[in-house]
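Peer 1: So the chains spell out like this:
There are 2 protein chains.
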Amino acid sequence: MELPVVSIVGNSNSGKTTFIEQLIPELKSRGYRIATIKHDAHKFQIDTPGKDSWRHRQAGAETVVLSSRNKLAMIRELEREVDLDKILSNYINSEVDLVITEGYKTGDKAKIEIFRPAEYEQPLFSETDEQILTIVRNEEEFSAQQLDEVADLIEEQIIGLG
Amino acid sequence: MELPVVSIVGNSNSGKTTFIEQLIPELKSRGYRIATIKHDAHKFQIDTPGKDSWRHRQAGAETVVLSSRNKLAMIRELEREVDLDKILSNYINSEVDLVITEGYKTGDKAKIEIFRPAEYEQPLFSETDEQILTIVRNEEEFSAQQLDEVADLIEEQIIGLG
Chain V
196 MELPVVSIVG
206 NSNSGKTTFI
216 EQLIPELKSR
226 GYRIATIKHD
236 AHKFQIDTPG
246 KDSWRHRQAG
256 AETVVLSSRN
266 KLAMIRELER
276 EVDLDKILSN
286 YINSEVDLVI
296 TEGYKTGDKA
306 KIEIFRPAEY
316 EQPLFSETDE
326 QILTIVRNEE
336 EFSAQQLDEV
346 ADLIEEQIIG
356 LG
Chain S
196 MELPVVSIVG
206 NSNSGKTTFI
216 EQLIPELKSR
226 GYRIATIKHD
236 AHKFQIDTPG
246 KDSWRHRQAG
256 AETVVLSSRN
266 KLAMIRELER
276 EVDLDKILSN
286 YINSEVDLVI
296 TEGYKTGDKA
306 KIEIFRPAEY
316 EQPLFSETDE
326 QILTIVRNEE
336 EFSAQQLDEV
346 ADLIEEQIIG
356 LG
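Protein chains in written order, with this note's numbering: chain V, 196 to 357; chain S, 196 to 357.
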């Protein structure tokens with residue numbers, strides 16, 4: 196079965212991370228288990244300099260896994276990017292109910308755009324675009340109503356499709 | 196084909212991470228691609244507070260993946276530990292030539308013990324134990340000869356078995 200996926204897209208600094216941060220608890224309160232995938236155009240650093248995982252990688256390990264009783268982490272150096280569908284099939288536990296991506300605006304998944312009118316003249320997409328579920332206006336903060344409406348849409352149109 | 200694996204074991208503070216840090220460049224200079232798996236008894240923190248991946252996890256995402264052109268990272272909350280063979284089959288790229296684990300002293304892989312006589316009276320294992328390739332004495336630093344000999348052993352007895 197394909198995992199339900201929705202991509203939160205928008206210009207940089209439009210508030211995508213903040214929106215996701217507030218949407219996850221709303222969806223969890225409805226009983227869904229959530230995974231996220233953040234698409235990063237830049238080089239990101241995830242591990243902390245000096246820690247063992249960092250020391251393994253600095254020494255030249257291409258893949259480093261950290262495993263404990265309650266957590267698993269993996270960092271891998273790549274020669275080319277792994278595409279979204281491969282991430283979904285290889286790295287996401289099938290026990291989650293919904294995958295939220297931050298980014299992947301050129302991907303083929305259903306999308307919600309975060310649009311911040313104070314920073315941009317117009318959104319990237321139009322409400323009528325087939326892949327767009329909705330465009331959420333970021334007026335410096337998201338209202339409970341906005342979050343509730345988006346969670347409803349995701350329940351009906353993304354999770355409901357499963 | 197099974198991946199060649201060697202476990203670097205020893206009491207805490209015996210110098211396992213430092214040894215691995217120095218062994219990896221020696222093995223890389225011989226042309227091998229290396230992955231590492233660190234077994235952590237404690238709770239580890241890998242992501243940096245305030246960063247987007249951390250914010251996703253704090254909000255309640257059970258799995259968070261970060262993907263860029265040259266790196267992939269994944270952090271997953273678990274209900275129980277993933278065993279080593281499952282990590283090897285699910286999270287380690289088959290293109291590596293050798294997997295070095297830090298820890299897993301009760302596992303069934305070939306082992307090299309790091310023994311620090313200044314801290315402990317005797318090693319955990321005996322040289323005659325079947326799974327023990329060798330016991331490396333940590334006399335406050337590892338010599339080029341120690342590293343060279345261990346790399347030879349790994350080449351002959353671990354990678355050579357493939």
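If you're looking for bench data, these hints aren't it; they were derived computationally from the structure. Careful, some of the hints might be misleading.
[Stated by the list, open to error] Here are the computed distance ranges between Cβ atoms for each label pair: (1) V:R228 to S:R228: 29 to 37 Å; (2) V:E274 to S:K246: 44 to 52 Å; (3) S:N288 to V:Y315: 34 to 42 Å.
Think of the CB as a built atom: it goes at the ideal place given N, C-alpha and C, for glycine as much as any other residue.
Peer 1: Look at each hint and say if it fits the structure.
Peer 2: Going through the hints against the structure:
For the pair R228 of chain V and R228 of chain S, the supplied restraint of 29 to 37 Å holds, since their beta-carbon distance comes to about 35 Å. About 24 Å separates the C-beta atoms of E274 of chain V and K246 of chain S, a value inconsistent with the hinted range of 44 to 52 Å. Here the CB-CB span from N288 of chain S to Y315 of chain V is close to 39 Å, well matched to the stated 34 to 42 Å.
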